[in-house]
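**Student:** Listed below, chain by chain, are the residues.
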Amino acid sequence: MIRQVIAIALLAVFGFLKMPAERSLDAAQRQSGLRGTALNLDLREKVGQLGFLAALSGFRSPLAAFLWIEAQNAWEQTEWGRMAALFDAVTTLQPRSLLYWDMAAWHMAWNASTAALQDTSQPSEALRIRNQRQYFRLGRDYLERGIKNNPESFFLYRSLAVLLRDKFEDHCGAGEAFLKASQLPGAPAYLGRFAGYELAKCPGRERAAYELLKALYDAEPGGRKPTLVTTLKELEKRLDVPSWQRINSKVE
Amino acid sequence: MMSVQVAVIARNTFTELVRQKIFYIILVFALCAIGSSVFMARLTFQEEFQMLKDVCLGAMSVFTSLLAILATANFLPKDLEERTLYNLLSKPVPRFVYLLGKLLGIIVLLALFTLLMSAVFGLVLGLREQSVLAQTRAEFHDAPEELMPALAAVKAATFNANLLPGILIIYVKSVLLAALTLFISTFATSSLFTVMIAAAVYFIGHLQSTAREYWLQGVDIKWWTRLIVAFVALLFPDLQSFNLTDDVIAGAPIPLSTFLETFALGWVYTAVYFALSALVFAGREL
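Each protein sequence line maps, in turn, to chains A and B.
For the first sequence, the numbering used here gives the first residue as 1, with consecutive numbering after it.
For the second sequence, the numbering used here gives the first residue as 1, with consecutive numbering after it.
Worth flagging that the hints you see were computed from the coordinates, not collected in a lab.
Some hints could be false.
Straight-line alpha carbon distances no greater than 30 Å define the calculated DSS-like cross-link-like pairs of lysine-lysine that follow [to be verified]:
no., chain 1, residue 1, chain 2, residue 2
1, A, 148, B, 78
2, A, 201, A, 214
3, B, 78, B, 91
4, A, 180, A, 225
5, A, 225, A, 201
6, B, 78, A, 18
7, A, 46, A, 18
8, A, 225, A, 46
9, A, 233, A, 201
10, A, 225, A, 237
11, A, 180, B, 155
12, A, 225, B, 155
Required output: the full structure, derived from the provided sequences and hints.
**Tutor:** Here it is in structure tokens:
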């Protein structure tokens with residue numbers, strides 16, 4: 001019995017000694033983007049008691065995979081509301097997974113919105129359009145939350161830009177999002193061009209678009225795409241650029 | 001002399017464990033769980049690979065932890081029941097050597113188990129990758145300039161360098177759990193009691209960091225709540241430190257220094273639990 005008491009006391013001493021090391025490791029892991037998921041009451045409500053227990057025990061990712069498959073089943077049944085609830089749970093469990101945010105946004109803004117517009121059970125076209133726009137906003141919300149959780153990745157900025165361009169026809173927003181995406185590590189070169197194309201359609205941002213596209217035009221003689229050249233020529237006219245500053249290229 | 005004794009006990013322990021049905025049952029379940037992920041509903045290839053990694057690494061984490069606790073909990077009760085412990089300790093074999101041999105046996109078994117599951121995981125992932133690559137080549141047959149980026153996207157979605165440290169951390173966590181279970185079994189009265197306590201410690205260990213921060217932040221809480229969280233923070237291991245695979249699957253890289261610190265912390269825990277086991281077991285009446 002005495003030895004057991006001594007062992008517990010030694011364990012407590014070890015607990016004191018290890019605490020600074022554990023806290024520093026915890027901080028280092030969080031700084032590296034690890035252990036970032038908040039296991040709180042919000043998650044508890046989304047995944048239920050058993051799911052929360054599984055998440056607490058270190059099985060977040062298998063649980064997220066399971067719920068994602070559930071969401072696929074909901075998709076097959078076109079249960080859009082259930083899908084959104086499952087996507088909320090999955091993205092809460094795995095907020096660092098870009099794929100989940102991106103696919104959730106795509107399902108809502110493209111699939112659910114189209115289904116809402118073609119919903120034959122809703123006779124009012126105005127209401128169908130309103131429902132469609134709600135799904136657009138839901139898709140945008142996923143991407144914006146995903147970006148908050150993964151600000152260093154170009155991937156979700158690109159998806160947000162595409163959504164703003166294709167669904168909201170918000171060229172200013174799309175241009176800014178493409179621009180932000182193009183400045184992040186690993187971004188493909190076309191994102192810079194796309195930022196220029198969208199900003200060119202944004203009132204008041206033509207000068208920024210021109211400077212961006214001109215810089216790309218000068219930097220990459222081999223990459224002078226037809227759209228880049230055409231957009232630059234249009235901007236030159238609209239901005240009244242002096243003729244000696246204008247580009248000479250024909251569309252290559 | 002002692003190292004030879006440790007090696008002999010470790011080898012015998014390993015052989016005994018490999019012969020136990022529990023090893024094969026857990027192994028078959030683990031391999032089925034990993035292997036079956038290949039038959040999952042056809043999703044996009046990124047989704048499919050994400051699911052595959054989620055399920056496989058999750059299964060590896062569950063089954064290695066399960067094996068570590070179940071196999072270790074049985075050591076002392078079994079040796080006492082079969083009286084092999086008395087035969088062994090009647091010879092000039094110190095008690096800590098016996099425990100060290102047992103612990104090394106399970107550590108080797110866990111390494112083999114992790115290796116087998118990793119091999120199956122790698123095989124399943126590799127086969128799916130080849131299949132998707134072949135499909136991509138066929139689909140982009142008419143657009144050769146698009147082919148290279150598409151193939152690169154498939155490759156980027158399958159293997160990444162962080163999977164290896166992720167698997168090593170799953171292994172070191174299972175070793176820690178084995179040492180912890182060994183410590184519990186030195187004062188436990190039955191293997192069932194050991195398993196139950198080890199399982200409870202497993203769950204509490206995942207909340208330890210929350211309790212620690214609650215305690216250290218000095219928020220306005222009652223003295224007895226403070227006492228409980230201090231108890232949890234001091235006596236239980238922080239198992240959340242070893243739960244990095246969820247983030248690894250999501251693509252978060254593990255910096256080398258963080259990996260090495262986590263890995264070393266696992267072995268420090270193991271050494272401390274082993275020392276405490278030896279302390280308690282040295283005074284145990286047999």
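**Student:** Now look at each hint and say whether the structure bears it out.
**Tutor:** Checked hints:
| no. | hint | result |
| --- | --- | --- |
| 1 | A:148 x B:78 | violated, 54 Å |
| 2 | A:201 x A:214 | holds, 16 Å |
| 3 | B:78 x B:91 | holds, 19 Å |
| 4 | A:180 x A:225 | holds, 21 Å |
| 5 | A:225 x A:201 | holds, 18 Å |
| 6 | B:78 x A:18 | violated, 34 Å |
| 7 | A:46 x A:18 | violated, 35 Å |
| 8 | A:225 x A:46 | violated, 47 Å |
| 9 | A:233 x A:201 | holds, 14 Å |
| 10 | A:225 x A:237 | holds, 19 Å |
| 11 | A:180 x B:155 | holds, 26 Å |
| 12 | A:225 x B:155 | holds, 28 Å |
In summary, the numbered hints that this structure violates are 1, 6, 7, 8.
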